[in-house]
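Student: Residue numbers for the sequence shown follow our numbering, so the first one is 673 and each next one is one higher.
None of these hints come from the bench; they were simulated from the model.
Below, computed lysine to any residue pairings styled on SDA-like, alpha-carbon distance capped at 25 angstroms: (1) Lys-723 <-> Glu-684; (2) Lys-738 <-> Asp-689; (3) Lys-702 <-> Val-682; (4) Lys-734 <-> Val-712; (5) Lys-711 <-> Lys-734; (6) Lys-723 <-> Val-712.
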Amino acid sequence: MSSTNKQQEVVEVTAHDVQGPGVVFCPNPKMTLWSTHPKVFIDVATTGEGKCPYCGTVYRLKAGEKLHTH
673 MSSTNKQQEV VEVTAHDVQG PGVVFCPNPK MTLWSTHPKV FIDVATTGEG KCPYCGTVYR
733 LKAGEKLHTH
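All chains should be modelled from the sequences, with the hints used to inform the complete structure.
Tutor: As structure tokens, this is what we get:
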């Protein structure tokens, strides 16, 4: 049995990329349209990163970025 390890894509996001209360959405605008999945919101405010449950893309807050909260 062979196993294939798909390289996890990591997307660094800035405070400007974050929507609403510390979330980003996946698929992101840079992804190809033919391979998209339902839009999901991913929390990056709590731990600084989040993972899409559909495609496995990891969204990570860029080092040194600060989220502005109200």
